[in-house]
Structure formats: structure tokens, C-alpha cells
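Chemist: Make a model of the complete structure from these sequences and hints.
Listed below are the residues making up each chain.
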Amino acid sequence: MKGISKSFHGIPANRDISFSIESGEILGLLGENGAGKTTLMNILYGLYQPDSGEIRINETQVRINNPVESIANGIGMVHQHFMLIQNHSVLENIALSHKDTPFFFPNLRIREKIEEFSKSFDFNIDPAKKIWQLSAGEQQRVEIIKALLNGADLLILDEPTSVLTPQEIKELITILKKMKTKGHMIIFISHKLDEIMDICDRVLVLQKGKIAGRALTGDTDKKSLARMMVGREVVFNIKKEKLERGRQILSVEHLTVIGDKGFPALKDISFDVFENEIFGVAGVSGNGQRELAEAVTGIRTVRSGSIRINDEDITNTSPRHIYDQGVSHVPEERIRFGIAPGLFLYDNAILKQHHLKKFSRRYFLKYEEVKKHAKKILNDFNVSAHSINSRIGNLSGGNIQKLILGREISEKPQLLVASHPTYGLDVGATEFMRNHLLELRKTGSAVLLFSEDLEEIFELCDRIAVIFDGEFMAILDSGDNRLDDIGLMMAGSKKI
Amino acid sequence: MIKILISDRYEISAFRSFMTNLISLVSGLFMIGLVFLFLGVNPFYAVFKIFSGSFGSFYGFKETLTKAIPLILIGSGLTLAFRAKFWNIGAEGQLLMGAVFASWTGLFLGNALPSYMIVPLMFFSGFIGGALWGMIPAILKIRFSINEVISTLMLNYICADFLTMLIVGPWKGSTRFGFPGTDNLPESAVLGLIPGSRIHYATFILSILCAVILCIVIYKTRFGYEARVVGENPDAGRYAGIDFLKTTLILMIISGGLAGLAGVGEIAGIHHYLGYPAAVSSGYGFTAIIVAWLAKLNPLLTLISGIFFAGILVGGDAIQISLGLPAATVNIVNGILLICLIMGEYFLKNKITLRFSK
Numbered sequence: 001m002k003g004i005s006k007s008f009h010g011i012p013a014n015r016d017i018s019f020s021i022e023s024g025e026i027l028g029l030l031g032e033n034g035a036g037k038t039t040l041m042n043i044l045y046g047l048y049q050p051d052s053g054e055i056r057i058n059e060t061q062v063r064i065n066n067p068v069e070s071i072a073n074g075i076g077m078v079h080q081h082f083m084l085i086q087n088h089s090v091l092e093n094i095a096l097s098h099k100d101t102p103f104f105f106p107n108l109r110i111r112e113k114i115e116e117f118s119k120s121f122d123f124n125i126d127p128a129k130k131i132w133q134l135s136a137g138e139q140q141r142v143e144i145i146k147a148l149l150n151g152a153d154l155l156i157l158d159e160p161t162s163v164l165t166p167q168e169i170k171e172l173i174t175i176l177k178k179m180k181t182k183g184h185m186i187i188f189i190s191h192k193l194d195e196i197m198d199i200c201d202r203v204l205v206l207q208k209g210k211i212a213g214r215a216l217t218g219d220t221d222k223k224s225l226a227r228m229m230v231g232r233e234v235v236f237n238i239k240k241e242k243l244e245r246g247r248q249i250l251s252v253e254h255l256t257v258i259g260d261k262g263f264p265a266l267k268d269i270s271f272d273v274f275e276n277e278i279f280g281v282a283g284v285s286g287n288g289q290r291e292l293a294e295a296v297t298g299i300r301t302v303r304s305g306s307i308r309i310n311d312e313d314i315t316n317t318s319p320r321h322i323y324d325q326g327v328s329h330v331p332e333e334r335i336r337f338g339i340a341p342g343l344f345l346y347d348n349a350i351l352k353q354h355h356l357k358k359f360s361r362r363y364f365l366k367y368e369e370v371k372k373h374a375k376k377i378l379n380d381f382n383v384s385a386h387s388i389n390s391r392i393g394n395l396s397g398g399n400i401q402k403l404i405l406g407r408e409i410s411e412k413p414q415l416l417v418a419s420h421p422t423y424g425l426d427v428g429a430t431e432f433m434r435n436h437l438l439e440l441r442k443t444g445s446a447v448l449l450f451s452e453d454l455e456e457i458f459e460l461c462d463r464i465a466v467i468f469d470g471e472f473m474a475i476l477d478s479g480d481n482r483l484d485d486i487g488l489m490m491a492g493s494k495k496i
Numbered sequence: 497m498i499k500i501l502i503s504d505r506y507e508i509s510a511f512r513s514f515m516t517n518l519i520s521l522v523s524g525l526f527m528i529g530l531v532f533l534f535l536g537v538n539p540f541y542a543v544f545k546i547f548s549g550s551f552g553s554f555y556g557f558k559e560t561l562t563k564a565i566p567l568i569l570i571g572s573g574l575t576l577a578f579r580a581k582f583w584n585i586g587a588e589g590q591l592l593m594g595a596v597f598a599s600w601t602g603l604f605l606g607n608a609l610p611s612y613m614i615v616p617l618m619f620f621s622g623f624i625g626g627a628l629w630g631m632i633p634a635i636l637k638i639r640f641s642i643n644e645v646i647s648t649l650m651l652n653y654i655c656a657d658f659l660t661m662l663i664v665g666p667w668k669g670s671t672r673f674g675f676p677g678t679d680n681l682p683e684s685a686v687l688g689l690i691p692g693s694r695i696h697y698a699t700f701i702l703s704i705l706c707a708v709i710l711c712i713v714i715y716k717t718r719f720g721y722e723a724r725v726v727g728e729n730p731d732a733g734r735y736a737g738i739d740f741l742k743t744t745l746i747l748m749i750i751s752g753g754l755a756g757l758a759g760v761g762e763i764a765g766i767h768h769y770l771g772y773p774a775a776v777s778s779g780y781g782f783t784a785i786i787v788a789w790l791a792k793l794n795p796l797l798t799l800i801s802g803i804f805f806a807g808i809l810v811g812g813d814a815i816q817i818s819l820g821l822p823a824a825t826v827n828i829v830n831g832i833l834l835i836c837l838i839m840g841e842y843f844l845k846n847k848i849t850l851r852f853s854k
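So the sequence lines, in the order shown, correspond to chains A and B. Quick note, the first sequence lines up with residues 1 to 496 if you use my numbering. Quick note, the second sequence lines up with residues 497 to 854 if you use my numbering.
In short, the hints are calculated from the structure, not lab data. Any given hint might turn out to be false.
[Stated by the list, open to error] With a Cα cut of at most 27 Å, we get these calculated DSS-like pairs of lysine-lysine:
#1 A:K376 with A:K170
#2 A:K182 with A:K208
#3 A:K412 with A:K376
#4 A:K357 with B:K847
#5 A:K371 with B:K499
#6 A:K366 with B:K742
#7 A:K2 with B:K499
#8 A:K119 with A:K242
#9 A:K170 with A:K210
#10 B:K499 with A:K358
#11 A:K210 with B:K847
#12 B:K716 with A:K366
#13 A:K119 with A:K178
#14 A:K177 with A:K119
#15 A:K177 with A:K222
#16 A:K372 with B:K558
#17 B:K847 with A:K358
#18 A:K366 with B:K847
#19 B:K716 with A:K357
#20 A:K192 with A:K113
#21 A:K242 with A:K267
#22 A:K208 with A:K222
#23 A:K182 with A:K113
#24 A:K2 with B:K847
#25 A:K192 with A:K170
#26 B:K716 with A:K376
#27 A:K208 with B:K847
Since we're looking at a predicted model, the values are computed, not measured.
Modeler: Take a look at the structure:
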């Protein structure tokens with residue numbers, strides 16, 4: 001790619017970017033949220049057209065107008081959110097996207113091919129299984145097979161590890177290294193420095209749409225990459241003060257909740273969270289974290305057991321009542337739950353608070369107050385947006401997350417339920433978020449933190465619960481050396 | 497080869513929005529012209545006739561305003577429902593139910609009460625009738641997840657047949673010489689007209705008031721905010737603690753109730769008795785869907801779009817008489833315009849570029 005530029009409504013997303021990749025090479029693409037990584041890759045994949053610049057494959061200039069043409073040029077992409085049909089089998093999903101699929105009996109010849117690829121790369125996938133039965137890691141492998149079957153020499157992976165467990169990440173890395181030895185090219189988009197250092201041969205660092213630096217991973221270290229990425233030194237170590245925990249805020253007793261599929265997602269769970277405490281729930285996603293967060297915030301019905309806030313029973317009361325007791329919630333899927341994308345930024349800044357006296361008088365909303373509040377959040381939480389009058393759907397994911405966090409903690413909650421608050425955020429924003437959580441802890445709030453990022457859990461939490469299959473395998477103080485076995489507990493093979 | 501590229505358009509300016517609507521309308525008129533050509537009529541003359549019939553003369557304009565009353569009432573109510581993505585296709589039935597309730601009040605209480613009591617009472621009962629009929633699909637949707645498009649549409653037929661049953665059966669008037677229909681409403685229950693026209697001014701004023709008030713409701717109130725959030729993203733609505741049943745019920749009470757008021761106007765202002773459903777309303781409940789859409793779901797703008805479509809209805813009558821075209825021609829006109837407006841919406845939200853390559 002040479003001299004690629006692209007702007008949206010006058011705002012440049014990519015400015016004069018050039019890079020190349022050779023056979024058998026893994027190129028890391030590193031950058032903060034909104035640095036232009038995804039835009040650049042979407043151009044390569046034919047989803048966007050560059051304003052200027054050219055793409056050359058094997059020294060010939062090509063024009064890629066749509067994904068079909070990019071597949072024909074040997075480019076495959078695995079998106080961050082998988083493009084699979086949940087109720088179809090692996091085989092059917094692959095046949096659907098395959099270019100040579102016959103019209104009649106489409107599944108026949110594909111099966112052999114899948115098995116062939118499975119063997120050569122150790123994919124280990126049963127083609128007859130339905131997609132919803134697979135873990136995130138397995139689904140990702142299906143996506144990779146899809147791309148390979150279509151003859152992809154160059155594979156683009158957009159934040160591939162963000163949905164995987166540590167074990168699955170290891171397996172992915174093995175697969176990628178195998179592909180590399182067979183001459184495939186891989187572009188690996190990430191903002192996790194460790195992975196980039198681990199997997200990639202070369203790194204391209206983007207910052208604000210421009211190339212901020214390039215390096216061979218052999219010649220560089222994490223610190224200098226981080227500096228290139230954010231343009232300043234990042235403090236990786238966050239200072240956590242020792243604090244005595246205060247009185248009990250949240251008390252959960254014998255909680256049982258039914259999940260979406262009709263089976264118990266939480267089985268008889270009990271725990272408490274206190275003032276000045278961050279209580280972390282570690283575990284592989286899908287083991288009941290979402291159901292727990294939803295039960296505490298009132299979105300999901302509780303089958304049995306009780307939830308109390310400040311000694312008041314709030315089991316199965318309305319989300320609004322629970323909010324009024326001082327419980328805020330940073331939801332897991334922020335675009336799905338946290339915002340109304342077509343409404344203005346200021347509308348979204350009060351999404352849960354619009355009923356408060358501060359913002360509404362009788363039946364009317366006080367829009368002046370609302371706008372003032374929105375501006376304050378924008379300032380205090382470094383949300384970069386055109387203005388409070390822009391539609392929130394146009395903001396980047398990181399900025400939406402900052403707005404949601406700002407909205408949820410600006411009213412000084414007694415308890416903050418935060419689900420994966422730094423998921424998908426870059427280094428700078430992650431640090432910012434974590435410091436805000438610690439600030440909340442210092443000012444006397446309780447935090448119930450769900451995270452898959454163990455580093456985050458260890459860094460922030462006073463006590464850590466490990467959840468597996470709807471049960472707590474252990475609740476330990478953060479200093480406890482039994483936490484060395486946290487991996488085993490997350491996998492369900494050890495209970496304390 | 498020509499390539500068509502489609503991409504999202506993020507910021508939409510008011511000017512672009514206005515122009516898109518204008519172009520949609522003009523291209524709609526062009527297609528309507530083709531229809532006229534096919535019918536063997538000079539299309540320019542026909543389109544000219546439509547608009548001169550409705551806006552070109554004082555008499556025509558008075559008729560246009562008369563027909564605009566129900567369109568504005570229903571259309572502004574529909575903007576609220578559509579904002580919350582509650583696709584109320586049942587305004588026709590809600591209008592008829594309003595007419596039934598109002599007729600009952602007028603027929604059976606009209607002789608006992610003075611005008612200043614019976615008229616408000618009729619409006620009240622008409623509102624209740626439309627609102628009750630509107631609440632059914634709301635409850636069905638929230639409690640039993642039944643698609644509101646189907647339920648509101650089907651309830652139209654139920655209501656129309658219920659009304660027919662009343663006028664051929666228990667409510668059949670003794671002064672109708674055996675024809676279906678109720679007796680005329682007593683004098684006290686008939687709405688006053690602006691002299692020299694058929695404009696029932698009470699409803700006319702009411703329709704303007706409703707459009708203004710609904711505009712405030714949507715943009716300035718908590719309820720309007722909640723309705724918009726629910727429409728934009730129901731999951732976010734649940735997360736924000738919005739009570740879906742309550743919100744949907746209120747908005748359907750308003751939307752259905754306003755359609756009911758339109759029914760009161762038709763009965764007490766125009767017909768003065770309850771006749772066949774097709775006579776009570778000439779499809780206002782459906783035309784109002786286009787009215788709300790053309791108004792970009794802004795209740796205030798239904799004042800304009802309502803008058804515009806009323807003009808087409810009146811003009812349709814005019815060409816029926818002067819050009820001898822079938823009465824259904826005007827439905828074709830409406831249908832084509834709606835399709836063009838919806839297509840315009842697509843061009844507004846998506847940017848289409850053509851690329852020529854060798």
C-alpha cells in the first residue's frame with residue numbers, strides 16, 4: 001500500500017500511509033483507538049475506497065472495489081466480531097462463503113477440504129457442530145478456515161485476541177506461526193504490546209491516522225513501542241493505596257439466576273462488597289459474569305436468593321429503583337446496551353439519570369442542565385467528539401466507553417458494576433479508566449469489577465473471586481499466593 | 497464498466513434533507529405522470545388539475561383544509577408512535593372506534609344534554625375509543641411479543657366489521673328507510689362549521705394544538721425522551737430502567753386517541769351519522785402514515801404535509817369528475833409518493849457514488 005489517505009467528512013482517518021508485507025511475514029499493526037487501523041484494513045479489504053494512494057500486489061497495481069475482489073486477490077479478513085450464522089453448522093457457514101460452492105448439495109466437497117486444512121494447521125474443529133456450540137476461539141478458527149479456503153495468502157486479523165482465553169491465545173499463536181512457515185502473510189491488528197512482541201516480525205505503529213513509527217520486533221522493546229503509539233511515556237504501573245474497607249454496601253446471598261438458554265447461569269452464589277473496595281470477578285467470559293451483573297442491576301430476573309444494597313432488599317426490583325439506591329452500571333456490550341446510537345451525545349449523557357430531579361422538572365427535561373452535564377463529562381473524561389450535538393453513533397468505541405464511564409460515575413455511585421470497562425481500549429484510555437476506578441474506591445464507593453484481563457484484576461482488586469460455570473471457585477485477597485493457580489480455577493479444575 | 501458504491505452518510509444537513517424530499521416528490525410526480533399517460537390523459541394537465549382543484553380555488557382550498565383535519569390529527573399522533581418504532585398501521589381502525597364511541601355518546605346522550613356539554617363529551621369518548629383500540633396491540637406486543645404491524649392492521653378489519661354490524665343491526669336508524677346507518681345526530685351534537693365551508697373549526701383548532709403539543713412532548717419531555725430511546729435502542733431502554741409497557745401504552749393512547757378524535761370530527765362535523773366504514777373515513781388512517789413520513793416524524797411539519805396530502809385527495813376527486821378517471825387513481829398517486837419518499841430516505845442515509853472504469 002502506498003500513500004493511502006482517507007478522510008470522513010473532512011476528518012482524516014488515514015494520512016499518507018505506505019507499507020509493504022512479504023511472503024511468510026507477520027506484520028503487527030499497533031495503534032490507539034481511532035488511530036486508523038481498522039480504516040486502513042477496510043481499505044485493503046475493499047470496504048472503503050481510498051481518497052488517494054494505490055495498492056500493489058506482486059508489483060501490479062490493483063483496484064479493490066469490494067470484498068469479493070479482495071478475496072479474488074488473495075486477501076482474507078477475520079473481523080473482530082465474527083460474521084457467522086449461529087444456527088448453521090461449521091460446514092454450512094464455510095460453504096456459504098466459499099466461492100466455488102456448487103449450487104446443489106453445497107456441502108459435499110467442502111467437508112474434505114475442511115478436514116485437510118484442519119489437519120495441516122491443527123484446527124481441531126468438528127464441521128458438523130453448530131456455531132453457537134463453539135467457543136469464541138473455535139469460531140475464530142472457523143473464520144480463518146473460511147479465509148484460507150478462499151485462497152487467502154494475506155490474512156488480516158482485527159484484534160483477534162480480544163475475545164480469547166489465555167489458553168486459546170496460545171493456540172492461535174501456534175496456528176499463526178504454522179501459517180507463516182507455509183508462506184502466508186498475516187497482518188495482526190492489536191493494541192496489546194505483549195502479543196505484538198510475541199507474534200510479529202515487524203510492527204507498524206499508527207497514531208492519529210499517520211505512521212508514527214515502524215520497527216522490527218527484534219530491535220525494539222515494549223516501552224519504545226508504547227511511546228510511539230501514544231506519543232508519550234505510559235505509566236504501566238498504577239499506584240493503589242492501602243485502604244481499610246468500610247461498611248458493607250452490596251450483599252448477595254444464595255443467588256441463582258437462569259441464563260438465556262434456560263439453564264441456571266448462576267448457582268447459589270454468595271458474596272459481599274464493601275466501601276473502599278474493588279471486588280474483582282475473574283473468569284473466562286460466558287461463565288455467568290453477564291448474568292451476575294444483570295441480576296445486580298435489575299435487568300435480569302432472579303430465580304432465588306437475595307441481593308441487598310445498604311441492607312435494603314432490592315431483589316427483582318426495577319432497574320430504576322436499583323439505580324436510585326446508588327448502583328451504576330458500565331455494561332458489557334456498550335453499543336448494544338449503553339447508548340441510543342441515533343440520538344445526540346447530550347441525550348446519551350443522561351441515559352439513566354434523566355428521571356433525576358437535577359435533569360427533569362415534572363414532565364419536562366431541563367435541556368440546559370443536560371447539555372451542561374454533557375459538556376462536563378466531555379471535559380472531565382477526555383471524550384473527543386465534534387460537539388455535544390453530534391450523534392453518538394459516530395463516535396469511536398473508546399470514546400463511547402469513556403462517555404459511559406463518565407456518565408455512570410459522575411453521580412458518585414455507592415456501587416459501580418463495571419463489566420470489562422477497558423475492553424478494546426488502548427493503553428492511554430485503559431490507564432485513564434483504571435485510575436478512575438481507583439479514585440472511586442478512594443472516595444468510598446464499592447466497585448464490582450468483571451474482567452478477563454488478569455493483569456487488570458491483579459492491579460486493581462482488593463479481593464478476587466474466580467467464576468466458573470456459574471459458581472465461585474474461590475474468593476481470595478489479592479495478596480493470597482493461592483492465586484498462582486488462578487488459571488486452574490478459571491478452567492474449573494480447582495476449587496478452594 | 498460502471499461501479500456503484502454505497503457508503504453510510506453520517507451527518508445529514510437540513511438542506512440536504514429538504515432537497516431529498518423535494519426530489520423524491522418531484523420524481524414521484526413524474527412517475528404518476530407516466531400512469532396518467534398510460535391512462536390516456538395528458539399527464540401535465542392531470543397533475544395541474546390535481547393541484548388546481550385543491551389549491552387553485554377558494555372552494556377547493558376550503559375542501560383541502562377540511563380533509564387536512566383528520567390527516568393532521570392522525571399524522572401527528574403517528575409521528576410519536578413511529579419515533580418509538582411502534583409501527584401503528586391501525587389508525588384507520590382507531591379512527592373508526594373513535595367514531596363509534598362518539599356516535600354512541602351523541603345518539604344516546606345528545607338529546608338529554610346541552611351542546612356545550614355533549615360536544616366535549618363526544619370528543620372525550622372518541623379519544624377513549626381510539627385509545628382503547630390502540631392499547632390492544634401495545635399490550636400484545638409488550639406482553640406477548642406479537643408484531644404490532646400485523647395486530648394493528650388486522651384490528652382495522654375487526655373494527656370495520658364491528659361498525660358495520662352496529663349499523664345494520666342494533667343501531668340501524670328508523671329514519672334510514674331500511675338502509676344501513678344510524679339516525680342523524682341531534683342538533684346539539686353537531687359541530688359548528690366556519691360559515692361557507694365544511695371546516696368544523698373545533699377539530700381544526702384541536703388538530704393544530706395537537707401538532708404543537710406533540711412537538712413539545714417529543715422533544716422536551718421525559719416521556720418523549722424515553723420514547724425516542726426505546727425506538728433507537730430497546731436494549732439501552734431496558735438498561736436505562738425505562739418501563740416498556742408504560743411507555744408503549746402511553747404513546748399508543750396518544751396515537752390511537754388522536755385518531756379517535758379525527759373520527760369524532762368526521763362524524764360530528766361532516767356526516768352527522770354513522771354509516772359504512774368506507775363512508776366514515778376515506779382511508780385517512782393510511783394516508784396519515786405518508787403524512788407522518790413526509791413530515792420526517794416531526795409533528796409540527798404534519799401541518800404542512802397534512803395539507804399537501806389533503807390537497808391530493810381533493811385533487812383526486814377533481815380529476816375524477818373532470819377527466820373521468822376512476823376514483824382509485826388517487827390511491828395510486830398516494831402509493832407512488834410514499835414509495836418515492838421511502839426511497840429518498842435511503843438516498844439520504846446512504847451515499848451513492850458511481851465510478852466509471854475501463
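Chemist: Now look at each hint and say whether the structure bears it out.
Modeler: Each hint, compared with the structure:
Distance hint between A:K376 and A:K170 is unfulfilled; the C-alpha atoms sit about 43 Å from each other, more than 27 Å. For the given pair, A:K182 sits about 34 Å from A:K208 by alpha-carbon distance, which is inconsistent with the 27 Å threshold. Among the hinted pairs, A:K412 with A:K376 is consistent with the structure: their alpha-carbon atoms are about 14 Å apart, no more than 27 Å. In summary, the hint linking A:K357 to B:K847 is not supported, as the alpha carbons are separated by about 42 Å, beyond the 27 Å threshold.
Annotation: proposed proximity of A:K371 to B:K499 is violated, straight-line Cα distance about 43 Å (limit 27 Å). Taking the CA atoms of A:K366 and B:K742, the gap is near 22 Å; set against the 27 Å cutoff, the hint holds. Distance check on the hinted pair: A:K2 and B:K499 sit about 23 Å apart at the alpha-carbon level, within 27 Å; holds. Restraint check for A:K119 and A:K242: the C-alpha separation of about 52 Å exceeds 27 Å, so the hint is violated.
Proximity of A:K170 to A:K210 is assessed by CA-CA distance (about 31 Å); at most 27 Å being required, the pair is judged violated. The straight-line distance between the Cα atoms of B:K499 and A:K358 is roughly 53 Å, outside the 27 Å bound, and the hint therefore fails. Proximity of A:K210 to B:K847 is assessed by CA-CA distance (about 26 Å); at most 27 Å being required, the pair is judged to hold. Using a Cα cut-off of 27 Å, the hinted pair B:K716 and A:K366 holds, with the two alpha carbons roughly 8 Å apart.
Proposed proximity of A:K119 and A:K178 is supported: the alpha carbons are some 12 Å apart, at most 27 Å. Straight-line distance between C-alpha atoms of A:K177 and A:K119 comes to about 15 Å, which keeps the hinted pair within the 27 Å bound. Between A:K177 and A:K222, the direct Cα distance comes to roughly 21 Å. Compliance with the 27 Å bound is thereby established for this hinted pair. Our distance criterion of 27 Å between C-alpha atoms is broken by A:K372 and B:K558, whose separation comes to about 48 Å.
Using a Cα cut-off of 27 Å, the hinted pair B:K847 and A:K358 is violated, with the two alpha carbons roughly 40 Å apart. Only pairs whose Cα atoms come within 27 Å are accepted, and A:K366 paired with B:K847 is rejected, the gap being roughly 36 Å. Between B:K716 and A:K357, the direct Cα distance comes to roughly 15 Å. Compliance with the 27 Å bound is thereby established for this hinted pair. Straight-line distance between C-alpha atoms of A:K192 and A:K113 comes to about 33 Å, which puts the hinted pair past the 27 Å bound.
Proximity of A:K242 to A:K267 is assessed by CA-CA distance (about 33 Å); at most 27 Å being required, the pair is judged violated. Only pairs whose Cα atoms come within 27 Å are accepted, and A:K208 paired with A:K222 is accepted, the gap being roughly 20 Å. With a C-alpha separation of about 17 Å, the suggested pair A:K182 and A:K113 falls inside the 27 Å cut-off, and the hint holds. For the hint linking A:K2 to B:K847, the alpha-carbon distance of about 26 Å falls within 27 Å, and the restraint holds.
For the hint pairing A:K192 with A:K170, the CA-to-CA distance comes to about 14 Å; that is within 27 Å, so the pair holds. Simply put, B:K716 and A:K376 have alpha-carbon atoms about 21 Å apart, close enough for the 27 Å limit, and the pair holds. Note on A:K208 and B:K847: the hinted pairing holds, with a Cα-Cα distance of about 25 Å set against a maximum of 27 Å.
Violated hints for the displayed structure, listed by number in ascending order: 1, 2, 4, 5, 8, 9, 10, 16, 17, 18, 20 and 21.
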